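> Take a look at the letters that make up each chain.
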Amino acid sequence: MRSIMLAAILSFAAVGASATETHCQGNEKNLETYLKMHDVLFMQRDAERAGEYYAPEFISHNSDEGGGGIVKMKPDDLKPMWINSKKNQPDRVLINDVILCAGDVVVARVTMTGTHTGPMFGMPATGKKYSTSATDIYRFKDGKVVERWGNNDGIGMLSQLGLLLPFAQAQAARAEKK
Amino acid sequence: MPKLSKAAIALCTLFTVPLAQAGEVQCKGNEAMLQRYLGMFDNVFNGRKMELIDEYTAPDFFSHDSAPGNPQGREAIRLLVTNMAKSFPKRHLTNDLIICGGDLVVAYQTVEGTNDGPLFGGLPPTGKSFNFKWIDIYRFKDDKVAERWGAGDALGMMQQMGFKLVPPQPAEAAK
Numbered sequence: 001m002r003s004i005m006l007a008a009i010l011s012f013a014a015v016g017a018s019a020t021e022t023h024c025q026g027n028e029k030n031l032e033t034y035l036k037m038h039d040v041l042f043m044q045r046d047a048e049r050a051g052e053y054y055a056p057e058f059i060s061h062n063s064d065e066g067g068g069g070i071v072k073m074k075p076d077d078l079k080p081m082w083i084n085s086k087k088n089q090p091d092r093v094l095i096n097d098v099i100l101c102a103g104d105v106v107v108a109r110v111t112m113t114g115t116h117t118g119p120m121f122g123m124p125a126t127g128k129k130y131s132t133s134a135t136d137i138y139r140f141k142d143g144k145v146v147e148r149w150g151n152n153d154g155i156g157m158l159s160q161l162g163l164l165l166p167f168a169q170a171q172a173a174r175a176e177k178k
Numbered sequence: 179m180p181k182l183s184k185a186a187i188a189l190c191t192l193f194t195v196p197l198a199q200a201g202e203v204q205c206k207g208n209e210a211m212l213q214r215y216l217g218m219f220d221n222v223f224n225g226r227k228m229e230l231i232d233e234y235t236a237p238d239f240f241s242h243d244s245a246p247g248n249p250q251g252r253e254a255i256r257l258l259v260t261n262m263a264k265s266f267p268k269r270h271l272t273n274d275l276i277i278c279g280g281d282l283v284v285a286y287q288t289v290e291g292t293n294d295g296p297l298f299g300g301l302p303p304t305g306k307s308f309n310f311k312w313i314d315i316y317r318f319k320d321d322k323v324a325e326r327w328g329a330g331d332a333l334g335m336m337q338q339m340g341f342k343l344v345p346p347q348p349a350e351a352a353k
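Going down the list, the sequences are from chains S and G. Count the first sequence with the numbering used here and you get residues 1 to 178, in order. Count the second sequence with the numbering used here and you get residues 179 to 353, in order.
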């Protein structure tokens with residue numbers, strides 16, 4: 001019951017995934033590159049192939065492991081993101097919900113599901129399953145990513161894993177008293 | 179009368195030109211939808227003009243990222259705007275990047291503010307400031323927002339306000 005209440009209060013997690021909705025007419029090349037990258041780097045997590053999809057002049061706007069503010073990163077610097085995820089969450093799957101192309105950018109909203117079988121957010125494994133959403137925006141130049149903006153619903157994920165923030169515990173106690 | 183009509187034109191310009199300054203915009207061929215987005219952004223999300231929610235959102239508005247148990251429809255937006263105004267009266271959103279395609283508008287935003295009001299319905303304000311990123315995707319139907327996907331670094335925001343993660347509790351871990 002407590003976890004249901006917490007989910008109700010906190011979770012912004014995605015509601016189930018269905019077929020991908022794609023708006024990329026006239027931008028088929030970038031769409032194709034994105035889909036390959038999605039498969040090789042984010043699904044297979046073949047980190048050694050980072051350089052095939054990320055340009056040396058890549059700039060990351062992400063606040064997750066893939067960056068931290070507006071920073072220049074080499075493709076090699078990104079590898080731990082995929083290596084760690086493959087090692088710690090081997091069953092993680094990303095489904096594209098919506099893909100949108102415009103000019104030189106591709107936007108992808110994905111649903112991410114997996115099991116917390118290894119450390120995540122610096123927290124030990126709980127063995128629990130999660131389903132959360134992430135949105136990323138990629139700028140392509142000559143078939144490679146030169147810029148990336150993105151985020152994911154970390155709060156929704158943590159509340160599903162029970163790695164709660166103190167405010168959540170306080171809120172749960174309040175809700176249960178009612 | 180020429181003076182008056184000039185003033186009228188100036189007045190019209192003032193109200194039709196969006197106040198929001200966007201960083202980068204990729205909306206060629208979708209200018210009308212972009213203007214509707216910016217109107218909603220200025221008036222509803224930054225301006226918190228509750229009376230304009232119906233103007234910008236469809237009656238059957240659906241959010242894919244609404245918390246379970248929360249209402250859908252226009253009531254979802256009313257609740258969101260009301261709650262944000264209570265907890266973060268001075269919050270300000272900036273569009274860093276806007277992308278249009280098909281019937282969708284994607285906005286990558288910077289969210290800045292201070293927690294000056296009660297948090298999540300009852301916790302005392304932390305008084306702390308935050309600055310984090312958010313991404314919303316809106317589907318427009320007949321000039322109104324009918325669907326939304328949205329998530330952002332709310333975790334980063336909580337951490338900036340001083341909240342910390344806690345390891346699994348023994349009872350939780352045993353489940």
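Worth double-checking, as some hints may not be accurate.
[To be verified] Calculated lysine-lysine pairs in the DSS-like style (CA-CA distance at most 27 Å, straight line): (1) S:Lys74 <-> S:Lys87; (2) S:Lys74 <-> S:Lys128; (3) S:Lys129 <-> G:Lys268; (4) G:Lys342 <-> S:Lys29; (5) S:Lys72 <-> S:Lys141; (6) G:Lys311 <-> S:Lys141; (7) S:Lys144 <-> G:Lys311; (8) G:Lys311 <-> S:Lys74; (9) S:Lys36 <-> S:Lys144; (10) G:Lys342 <-> S:Lys128; (11) G:Lys206 <-> S:Lys141; (12) G:Lys342 <-> S:Lys86; (13) S:Lys72 <-> G:Lys311; (14) S:Lys141 <-> S:Lys79; (15) G:Lys268 <-> G:Lys306; (16) S:Lys129 <-> G:Lys311; (17) S:Lys79 <-> G:Lys311; (18) S:Lys144 <-> G:Lys227; (19) S:Lys87 <-> G:Lys342; (20) G:Lys342 <-> G:Lys322.
These are calculated hints, taken from the structure and not from any lab test. What you are looking at is a predicted structure, and each value in this text was computed from that prediction instead of being measured.
> Against each hint, give a clear statement of whether it holds in the structure.
How the hints compare with the structure:
1. Pair hint lysine 74 (chain S) plus lysine 87 (chain S) holds up; C-alpha atoms about 22 Å apart against a cutoff of 27 Å.
2. Distance hint between lysine 74 (chain S) and lysine 128 (chain S) is unfulfilled; the C-alpha atoms sit about 33 Å from each other, more than 27 Å.
3. Of the pairs offered as hints, the one joining lysine 129 (chain S) and lysine 268 (chain G) is violated, with about 37 Å between alpha carbons and a cut-off of 27 Å exceeded.
4. Of the supplied pair hints, the one linking lysine 342 (chain G) and lysine 29 (chain S) is violated, its CA atoms being roughly 43 Å apart against a limit of 27 Å.
5. Straight-line distance between C-alpha atoms of lysine 72 (chain S) and lysine 141 (chain S) comes to about 16 Å, which keeps the hinted pair within the 27 Å bound.
6. Restraint check: the Cα-Cα separation between lysine 311 (chain G) and lysine 141 (chain S) comes to about 24 Å, which is no more than 27 Å; the hinted pair holds.
7. At roughly 24 Å between alpha-carbon atoms, lysine 144 (chain S) and lysine 311 (chain G) fall within 27 Å of each other, so this suggested pair holds.
8. With a CA separation close to 23 Å, the supplied pair lysine 311 (chain G) and lysine 74 (chain S) stays within the 27 Å bound.
9. Between lysine 36 (chain S) and lysine 144 (chain S), the direct Cα distance comes to roughly 11 Å. Compliance with the 27 Å bound is thereby established for this hinted pair.
10. As the CA atoms of lysine 342 (chain G) and lysine 128 (chain S) are separated by approximately 20 Å, the hinted pair is consistent with the 27 Å bound.
11. For the given pair, lysine 206 (chain G) sits about 19 Å from lysine 141 (chain S) by alpha-carbon distance, which is consistent with the 27 Å threshold.
12. At roughly 26 Å between alpha-carbon atoms, lysine 342 (chain G) and lysine 86 (chain S) fall within 27 Å of each other, so this suggested pair holds.
13. As the CA atoms of lysine 72 (chain S) and lysine 311 (chain G) are separated by approximately 18 Å, the hinted pair is consistent with the 27 Å bound.
14. Using a Cα cut-off of 27 Å, the hinted pair lysine 141 (chain S) and lysine 79 (chain S) holds, with the two alpha carbons roughly 20 Å apart.
15. Distance restraint check for lysine 268 (chain G) and lysine 306 (chain G): the Cα-Cα separation of roughly 12 Å lies within the 27 Å cut-off, and the hinted pair is therefore satisfied.
16. Distance check on the hinted pair: lysine 129 (chain S) and lysine 311 (chain G) sit about 26 Å apart at the alpha-carbon level, within 27 Å; holds.
17. Only pairs whose Cα atoms come within 27 Å are accepted, and lysine 79 (chain S) paired with lysine 311 (chain G) is accepted, the gap being roughly 23 Å.
18. Distance hint between lysine 144 (chain S) and lysine 227 (chain G) is unfulfilled; the C-alpha atoms sit about 42 Å from each other, more than 27 Å.
19. Between lysine 87 (chain S) and lysine 342 (chain G) the alpha-carbon distance is near 25 Å, which keeps this suggested pair within the 27 Å criterion.
20. Restraint check for lysine 342 (chain G) and lysine 322 (chain G): the C-alpha separation of about 39 Å exceeds 27 Å, so the hint is violated.
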